Amino acid sequence: MRSNAPGSERHARTLRAWQLAILRFAVTLDNSDRLAVMAIASEIDRLDPQQQGRPDFYFFRRTSAGLCAAILQPSRSAAAMLRGYIAQIDDDRLKRAFEAAIEEVDQPKAPAVGKAKASAVSKPVERRDGLWKGLSPRSAQRS
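For the sequence shown, the numbering used here assigns the number 1 to the initial residue and increments by one for each residue that follows.
Please keep in mind that the hints were generated in silico from the structure rather than gathered at the bench.
Derived CB-CB ranges, DEER-like:
(1) GLU103 - GLY66: 15 to 23 Å
(2) SER8 - SER75: 34 to 42 Å
(3) LEU29 - SER8: 26 to 34 Å
(4) SER8 - PRO74: 32 to 40 Å
(5) ALA79 - THR28: 16 to 24 Å
(6) ARG76 - ALA12: 29 to 37 Å
Note that the coordinates shown come from a computational prediction; the quantities given were computed from them, not determined experimentally. Yeah, the Cβ is synthetic: ideal placement off N, Cα and C, and Gly gets one too.
Could you build the full structure based on these sequences and the hints that come with them?
As structure tokens, then:
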């Protein structure tokens with residue numbers, strides 16, 4: 001059992017690196033981060049002790065490709081896949097961070113100037129003309 005501990009520790013570190021790489025991709029949506037996820041997934045697939053040299057074992061590569069696609073193109077089925085992935089995350093901080101990143105992905109981008117769309121969630125902009133009313137100017141404070 002003792003000889004297996006270093007292998008288990010390596011496997012746990014690699015799984016953690018994979019989860020963090022997926023989080024990074026969810027935040028950046030950068031292709032280089034997607035490629036990093038896939039590289040780590042390939043490494044994890046090679047670590048499986050039941051693989052026994054089979055090059056056709058690709059569970060983590062397939063899962064990673066699905067997660068990256070779900071992040072890039074949100075849909076009902078993508079949301080279900082992401083919820084399933086989130087449910088499997090053991091670390092609460094990582095889980096919350098990933099949920100926040102996915103929430104950002106699901107939110108529509110702010111409309112460009114000149115192409116404003118009505119949004120049910122947007123609030124009217126408050127004018128704060130009287131915000132500095134009654135305060136002395138900075139030039140008076142420098143004396």
